[in-house]
Amino acid sequence: MRHVISKTQSLCPVCLKKIPALKWNKNNETYMEKSCPEHGRFKTLIWRGSIPMENWVRNKKRTTIKNPNTTVDKGCPYDCGLCEDHRQHTCTALIEVTQNCNLKCSFCFANAEGNWQKDLSLETIDSMYKSVMKTSGKCNIQLSGGEPTLRDDLPEIIKMGHEIGFPFIQVNTNGIRLGEDENYVKLLKEAGMDSVFLQFDGTNNQIFEKLRGKPLFEIKIKALENCQKYGIGVVLVPTLVSGINDQDIGNIINFGLKWIPTVKGVHFQPVSYFGRIPDFPENEKRITLGEVMDRIEEQTDSKFKVQDFNPPGCENALCSFHGNYIYQKNNELMTLKRNVSCCGTEKAEEGARKTKAYVSRKWAGHQKAEEIKAEKSDVVDVIDHGFDEILDRINRYSFSISAMVFQDAWNLDLERVKDCCIHVVNTRGQLIPFCMYNLTNKEGKSLYRLDQ
Amino acid sequence: MYQEKKDYQSWICDKCQKELELTKVKVHYLEGEFEVELLNCPTCHQVFINESLALGKMAEVEQGLEDK
Numbered sequence: 001m002r003h004v005i006s007k008t009q010s011l012c013p014v015c016l017k018k019i020p021a022l023k024w025n026k027n028n029e030t031y032m033e034k035s036c037p038e039h040g041r042f043k044t045l046i047w048r049g050s051i052p053m054e055n056w057v058r059n060k061k062r063t064t065i066k067n068p069n070t071t072v073d074k075g076c077p078y079d080c081g082l083c084e085d086h087r088q089h090t091c092t093a094l095i096e097v098t099q100n101c102n103l104k105c106s107f108c109f110a111n112a113e114g115n116w117q118k119d120l121s122l123e124t125i126d127s128m129y130k131s132v133m134k135t136s137g138k139c140n141i142q143l144s145g146g147e148p149t150l151r152d153d154l155p156e157i158i159k160m161g162h163e164i165g166f167p168f169i170q171v172n173t174n175g176i177r178l179g180e181d182e183n184y185v186k187l188l189k190e191a192g193m194d195s196v197f198l199q200f201d202g203t204n205n206q207i208f209e210k211l212r213g214k215p216l217f218e219i220k221i222k223a224l225e226n227c228q229k230y231g232i233g234v235v236l237v238p239t240l241v242s243g244i245n246d247q248d249i250g251n252i253i254n255f256g257l258k259w260i261p262t263v264k265g266v267h268f269q270p271v272s273y274f275g276r277i278p279d280f281p282e283n284e285k286r287i288t289l290g291e292v293m294d295r296i297e298e299q300t301d302s303k304f305k306v307q308d309f310n311p312p313g314c315e316n317a318l319c320s321f322h323g324n325y326i327y328q329k330n331n332e333l334m335t336l337k338r339n340v341s342c343c344g345t346e347k348a349e350e351g352a353r354k355t356k357a358y359v360s361r362k363w364a365g366h367q368k369a370e371e372i373k374a375e376k377s378d379v380v381d382v383i384d385h386g387f388d389e390i391l392d393r394i395n396r397y398s399f400s401i402s403a404m405v406f407q408d409a410w411n412l413d414l415e416r417v418k419d420c421c422i423h424v425v426n427t428r429g430q431l432i433p434f435c436m437y438n439l440t441n442k443e444g445k446s447l448y449r450l451d452q
Numbered sequence: 001m002y003q004e005k006k007d008y009q010s011w012i013c014d015k016c017q018k019e020l021e022l023t024k025v026k027v028h029y030l031e032g033e034f035e036v037e038l039l040n041c042p043t044c045h046q047v048f049i050n051e052s053l054a055l056g057k058m059a060e061v062e063q064g065l066e067d068k
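As you go down the protein sequences, you meet chains A and B in turn.
Oh and the first sequence: position 69 is 69 in UniProt numbering, straight run, nothing missing.
Oh and the second sequence: position 24 is 24 in UniProt numbering, straight run, nothing missing.
In short, the hints are calculated from the structure, not lab data.
Take the hints with a grain of salt, since some may be wrong.
[Unchecked claim] DSBU-like mimics (lysine-lysine), calculated; alpha carbons at most 35 Å apart, straight line:
id, chain 1, residue 1, chain 2, residue 2
1, A, K104, A, K186
2, A, K159, B, K26
3, B, K24, A, K303
4, A, K61, B, K57
5, A, K134, A, K159
6, A, K61, A, K104
7, A, K305, B, K18
8, A, K104, A, K418
9, B, K15, A, K303
10, A, K285, A, K138
11, A, K130, A, K445
12, A, K118, A, K66
13, A, K74, A, K337
14, A, K189, B, K24
15, B, K24, A, K186
16, A, K354, B, K15
I would like the entire structure built from these sequences, with the hints used as guidance.
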């Protein structure tokens with residue numbers, strides 16, 4: 001017997017036509033099952049863990065897109081741009097500044113490699129930034145690729161973004177150049193790079209060799225040292241692959257804790273099957289959000305607990321979890337719990353606003369506040385000093401544990417797509433939900449990526 | 001509750017008629033707990049937080065402890 005918990009719409013992994021899908025439970029596992037009249041039946045594991053998927057909810061009242069770039073014609077997900085049916089604002093707009101890369105990873109959603117493709121011109125990037133500002137306002141920006149640090153003019157691209165008015169600019173990188181070229185790190189900092197999203201798959205070189213083809217652990221340490229030197233906040237981003245690094249989750253978190261305050265958190269991304277993939281997905285190898293939470297608790301000896309984690313207020317609840325902590329002076333972690341009720345409906349727009357503010361506040365680097373007074377001459381000074389110390393701890397010693405699970409052609413749920421807040425900007429200035437931009441079918445054909 | 005004398009340093013508790021003293025106080029917000037020095041009554045231990053602190057640094061701390 002199977003307990004059907006909901007119905008949704010998905011795509012056929014072969015022809016990418018829209019088809020209905022069922023989600024059903026068996027024991028502590030949830031599957032998506034769908035059938036294409038032409039290409040047959042597909043059954044994909046979408047959740048496994050101690051918290052049942054149907055309990056992982058955060059209801060939101062949809063927002064509307066004020067300046068849609070596309071009209072609704074064929075229906076979701078074929079009109080992305082954003083279209084007027086989209087239900088969430090942009091929290092992070094992602095600009096791929098290059099398709100070149102100095103690695104050839106076994107999994108790569110951008111299918112990037114080599115140094116042969118022409119980079120986007122600064123004029124094109126300028127128009128992409130301006131289009132984001134028009135559609136989504138002052139959201140957070142992530143510069144990605146390819147490997148964005150292959151561009152010598154990345155500092156200029158960061159400056160352009162700030163000049164147009166974007167307050168928070170993060171660079172998504174493998175860290176090789178950040179480790180090798182200290183002066184480049186200095187230039188990025190001076191240009192206003194707020195945060196580094198550092199690919200960091202594990203704490204030993206066997207993991208890097210399997211996933212990235214090279215022993216990169218030492219260069220990651222160098223990258224962290226250079227970021228530490230220039231006060232740049234770093235988020236460690238492991239791509240989790242079953243049998244390769246899913247037993248290293250606890251080690252990665254403990255490594256991150258040792259690098260506070262430079263490291264602001266660990267953001268896990270269970271691998272998705274789009275772009276370049278070594279094999280087709282097998283249900284046994286799927287890593288879902290539920291089990292990432294369980295493994296964090298198991299592998300950290302319950303220092304971090306499943307109950308610490310919350311569903312997101314911005315994107316669809318099934319896309320991510322996060323837990324927030326403050327590393328205290330006595331080396332203990334203070335868990336910050338959610339200050340909203342578990343029930344009822346929140347405004348999606350408010351969730352996007354809070355997430356943008358939260359990310360820019362907690363993931364950016366902070367220099368120790370110079371103005372904390374050593375002299376305490378009167379009562380006002382004493383009281384202010386106490387609160388300045390608390391603020392310094394909150395700003396510099398916050399630590400987050402989070403995970404986001406992307407969608408591929410097998411596990412795609414269009415309800416999640418409509419709630420997406422991470423949007424890739426194409427050269428026409430359109431904003432495409434991240435998973436739709438990267439989605440490829442069984443033969444590697446893209447829905448949006450090559451449509452430029 | 002409080003009577004203002006000359007300045008911020010000179011407040012007395014209306015109930016106990018004692019001058020407020022600066023002592024370490026535990027402040028809680030959500031799951032966060034910190035120790036800071038604040039003015040409070042030596043007898044009834046009522047804590048005094050003036051408006052600028054409540055709307056300034058204290059509000060900033062609250063925001064920093066709130067989740068997204």
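- Message: To test your reading of the hints: which numbers does this structure violate?
- Response: As far as the earlier hints go, 2, 6, 7, 9, 10, 13, 14, 15, 16 are violated by this structure, in ascending order.
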